[in-house]
Structure formats: C-alpha cells, structure tokens
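Novice: Chain residues, written in single-letter form:
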Amino acid sequence: MSVTEMFNYIQGFLSADQDVREDIRKVVQTLEQTAREILTVLQSVHQPSGFKEIPSKCAKARELFCTVRTQICNLKTKFPAEQYYRFHEHWRFVLQRLVFLAAFVVYLENETLVIREEVAKILGIEVVREKGFHLDVEDYLAGVLIMASELSRLAVNSVTAGDYTRPLRISNFINELDSGFRLLNLKNDPLRKRYDGLKYDVKKIEEVVYDLSIRGLAKEGETVGDK
Amino acid sequence: MNRREGEGCPRRNADAVQDRDASANPSSPVIAAFKVFQQELDTKHDKYERLVKISRDVTIESKRTIFLLHRVTSVPNAEDILNEADVKLDAVRQKIGQIAEELRGEDIFQFHRAFTAGIQEYVEAVSFLHYIRHRSLISLEEINARLVFMTTEKGSAEALQPGGQVLTFQVTPSDYLLGVADLTGELMRMCISSVGNGDIDTPFQLSQFLRQIHDGFSYIGNTGPYEVSKKLHTLRQSLGKVEDACYALRVRGSEIPKHMLADVFSSRTTLLDPEEGVV
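Protein chains in written order, with my numbering: chain C, 1 to 227; chain F, 1 to 279.
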C-alpha cells in the first residue's frame with residue numbers, strides 16, 4: 001500500500017467517524033431539550049405554592065421520561081453497541097443530568113435514594129455494560145451529587161414555605177449519602193471534584209437544621225405554621 | 001465517633017451528631033450500595049493503573065529501539081542493528097499482548113487513555129524499522145497483523161501454543177496516525193545524520209517520502225484527532241529542514257568537503273544566508 005492509499009483509507013475512516021458523531025450530537029440535543037423540560041417542571045417545587053403540588057409534578061416528570069426513553073432508544077441505533085465508551089463523552093453530561101432528575105423525582109415521591117437499577121429502568125437503559133447501552137457507575141454518582149445540591153436548596157426553601165420538618169429529613173438523608181461517599185476511593189477526576197462540593201451542601205443543611213432547632217421550630221412529626 | 005472533617009465549622013448541635021451516627025448504620029441499604037460502588041471503582045482504577053504501567057514499559061523499549069535504529073547510518077553492518085531491533089520489538093509486542101490480556105472482555109475505549117502513548121511510540125518504532133528496511137510506509141494492517149497472540153488456558157499471552165485462544169490487539173487509525181506523525185521527526189534526524197556521514201542518496205529519498213506523508217496529513221487536515229494539528233506544524237518544520245538539506249546538497253554539494261556537510265545543515269538560517277562562505 002502506498003502512502004497515498006494509506007492516508008485515503010484513514011481519511012475514509014475519520015470521515016465516517018465524524019458522521020457518526022454528528023448523528024449522535026443531534027439525538028443528544030433532543031435529550032437535552034427534554035431534560036430541560038423535566039427540570040422546569042421539578043424546579044417549581046421550590047416555590048411555596050409548589051410544595052402541595054409535588055405528587056402531580058412527579059407524575060408530569062415521569063410522563064416526560066417516556067420521551068427520554070424513546071430518545072435514548074434512538075441514540076442506541078446511531079453507533080455499534082460495543083463501542084459505548086468511544087462516544088461516551090457526547091452524552092455523559094446529559095445522562096448525568098437525567099440521573100439527577102430521576103433521583104430528584106424519586107426523592108420527592110418517597111424520600112429515598114433511588115438505586116442504580118431504578119434509574120436505569122426510568123431511562124430505559126441497562127446497568128451492566130455487557131447487556132447494552134448502560135449507566136456507568138460514575139455517571140450515576142455524579143447525578144446523585146447534583147441532586148444533593150438541589151436538596152440543600154430545597155431545605156432552605158422548605159423553611160421559607162413553612163415546612164419545618166422536611167429539612168430534618170433532608171439532613172438525615174444527605175448525611176447518610178455523605179457516609180456512603182466516604183467509602184469510595186476516588187481519583188483526582190471530575191467525580192472527585194463534584195464530591196468535594198457535597199460537604200458544602202451538608203454544611204448548608206446543618207445550618208438550616210440548627211436555625212430551626214435553636215428557635216424551637218423543629219419538632220419531629222409536626223408542621224408548624226408561618227410565624 | 002466523629003469522622004467529620006470540621007473545616008472550621010464547630011459542632012453546634014448534639015442532636016445532629018447523633019442523627020449522623022445513626023445514618024452511618026453499616027447495614028443500611030445506602031451504605032451497602034456504596035460498598036458495591038467502592039469495589040467497582042477500585043477494580044476499574046486498578047486495571048487502569050496496570051495498563052498505565054505496561055504502557056510505560058512499551059514507551060521506554062520503543063524509544064530505545066528508535067535510538068538503536070539511528071545508529072544504522074554510522075555503522076558498516078546495518079543488518080546487526082536491524083536484527084537487534086527486531087528482537088527488541090518482539091519484546092514490546094509481548095508487552096502489548098499483556099495489554100490485550102487486560103482488555104479481554106472490556107470496552108477498549110474505556111481504558112484507551114491509559115495505553116495510547118505507548119502504542120503511538122510502538123507505531124513510531126516499528127514504522128521506522130520498516131522504512132529503513134523497505135523504504136516504504138508500513139500499513140496499519142501490517143502492524144495489526146503482528147499483534148496477534150495465542151493464549152494458553154491460564155490466560156497468559158504466549159506465542160503460538162497449540163489449543164490456545166487467539167487474542168488480538170488492534171491499533172486504532174488515530175493512534176497509527178499520531179505514531180506516523182512522530183515518525184517524521186525521526187526521519188528528519190536520520191536525514192541530517194546521513195548527510196553528516198557522507199550519504200548523499202538518503203536525503204533525496206527521505207525528502208520524497210516525507211513530502212508524501214506531509215501531503216497525506218494535509219489531506220486529513222483537522223478531521224483527525226486534535227493532536228494531529230499540533231503535530232502537523234512540527235511535520236512542516238521537519239519537511240522544511242529536509243528540503244533545505246536537499247537543496248544545499250544539489251547546489252553546493254560538490255563544493256563542500258563531506259566532513260563539513262553536517263555543519264551546513266545544522267540550522268535553517270545558515271542555509272538561507274547567501275553571503276555564507278563555506279570552505
């Protein structure tokens with residue numbers, strides 16, 4: 001094979017690769033749009049009026065996840081299944097956001113940490129790499145950390161809306177999450193950086209709980225009205 | 001049992017400490033889940049580190065092979081050097097076999113960054129040897145054809161054991177491209193040193209070959225990996241040095257004693273100065 005022939009072959013390969021990436025980008029854009037719609041629905045729980053509407057917002061969000069499942073099905077068709085990590089960077093960001101949104105919905109519904117398998121079901125994907133388009137454990141953890149920040153904000157806004165018991169429950173939840181993360185041996189990578197933010201969320205929620213308890217506002221099982 | 005880092009935030013609420021200790025209950029489902037995550041992450045990181053170590057060995061041995069190959073221009077019996085290089089590269093291939101073993105059943109792109117540097121260095125070394133022998137560019141297919149390993153039942157990569165399984169390592173077109181880009185730097189060095197040894201044929205052959213490679217890279221432009229654009233700049237400089245060397249040989253070769261030829265090509269600015277008098 002001559003030099004020219006070799007480079008022609010390589011150019012063909014690179015060109016095909018670019019086409020695949022372009023297709024992937026287009027589908028990822030649709031996923032990002034749906035993620036924004038879900039976020040808009042869920043953001044409104046921070047409003048004082050939003051608290052009562054949590055169940056209906058969760059239902060609305062779950063409807064939108066149907067669209068996500070369809071879009072991810074579409075994404076799977078754009079590249080060979082065994083080359084997930086070759087193109088992973090294209091959807092890593094939006095997938096982490098979708099994990100956050102799924103985890104947030106589940107928390108609002110029953111105040112537990114959504115497990116990996118449950119998130120995968122909501123998104124219509126696998127947990128185990130060999131089975132197909134899967135949820136990488138680091139993306140799951142990143143999404144959970146994004147939710148932790150959202151919960152610290154929710155703790156603050158709960159108080160403003162007059163719900164003085166929710167922050168205590170959020171506090172217990174986040175502290176257990178923190179204990180879990182402490183078990184991990186993280187490398188100096190983006191996940192580690194994101195985990196470093198968790199302690200600020202913990203601190204913020206602690207302060208909310210402190211503010212409530214010294215004023216005698218926080219009593220387990222009671223919701224105190226506005227002062 | 002206070003494992004909090006503190007960070008200047010004093011304990012203000014004893015209840016909070018109690019709550020936290022209660023949540024750190026080792027039998028809680030959250031903690032159990034994170035123990036699984038810990039194992040998964042540790043396993044992945046350990047494999048990545050093993051690959052980095054092997055890749056470093058590949059890089060070092062490939063670089064040593066390249067240094068060895070540069071000696072062909074200054075030594076009467078090139079064949080000895082070429083044979084020694086063959087032996088060294090066989091050892092490198094064994095190492096690549098270990099990489100293939102680690103990657104068995106994995107998605108190779110999940111770990112690509114761990115071993116890409118080593119593979120590029122190997123491509124550089126093997127294509128350098130190929131050029132010296134055959135005066136042509138080794139193809140990606142030829143490279144990959146030699147990265148086939150037979151494994152024993154225990155899973156260690158050894159050459160040609162009967163009843164074993166076949167394990168292959170595929171160099172990607174992108175790693176091949178980057179390795180060839182680095183090759184051009186070595187070819188430029190070979191050109192300069194061959195002139196210094198009185199060889200006035202090699203520079204012209206190299207010039208033509210490098211020009212073909214350069215044209216190939218120009219054709220690819222920036223559709224390749226982004227590192228290619230950086231290497232293209234160096235490639236242009238290498239090509240320039242080689243072309244200037246050929247020019248000087250053509251125009252002034254007969255005037256210059258062979259042992260002074262090397263000095264003439266030591267810098268491009270020297271060549272461009274028309275007032276330069278050389279004896």
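Just so you know, the hints here were simulated from the structure itself, not pulled from any lab data. Watch out, some of these pointers could steer you wrong.
[Unchecked claim] Here are the computed lysine-lysine pairs in the DSSO-like style, where the Cα-Cα straight-line distance is at most 27 Å:
1) 53/F / 63/F
2) 52/C / 26/C
3) 131/C / 35/F
4) 203/C / 35/F
5) 35/F / 199/C
6) 187/C / 47/F
7) 131/C / 88/F
8) 44/F / 131/C
9) 44/F / 121/C
10) 44/F / 199/C
11) 88/F / 53/F
12) 193/C / 53/F
13) 121/C / 35/F
14) 193/C / 35/F
Novice: Hints first: check each against the structure and report whether it holds.
Specialist: Okay, the hints, checked on the actual structure:
no.: 1; hint: 53/F / 63/F; verdict: holds (16 Å)
no.: 2; hint: 52/C / 26/C; verdict: violated (37 Å)
no.: 3; hint: 131/C / 35/F; verdict: holds (23 Å)
no.: 4; hint: 203/C / 35/F; verdict: holds (24 Å)
no.: 5; hint: 35/F / 199/C; verdict: holds (20 Å)
no.: 6; hint: 187/C / 47/F; verdict: holds (13 Å)
no.: 7; hint: 131/C / 88/F; verdict: violated (40 Å)
no.: 8; hint: 44/F / 131/C; verdict: holds (18 Å)
no.: 9; hint: 44/F / 121/C; verdict: holds (24 Å)
no.: 10; hint: 44/F / 199/C; verdict: holds (26 Å)
no.: 11; hint: 88/F / 53/F; verdict: holds (18 Å)
no.: 12; hint: 193/C / 53/F; verdict: holds (25 Å)
no.: 13; hint: 121/C / 35/F; verdict: holds (22 Å)
no.: 14; hint: 193/C / 35/F; verdict: holds (20 Å)
This entry does not satisfy hints 2, 7, going by the numbered hints stated previously.
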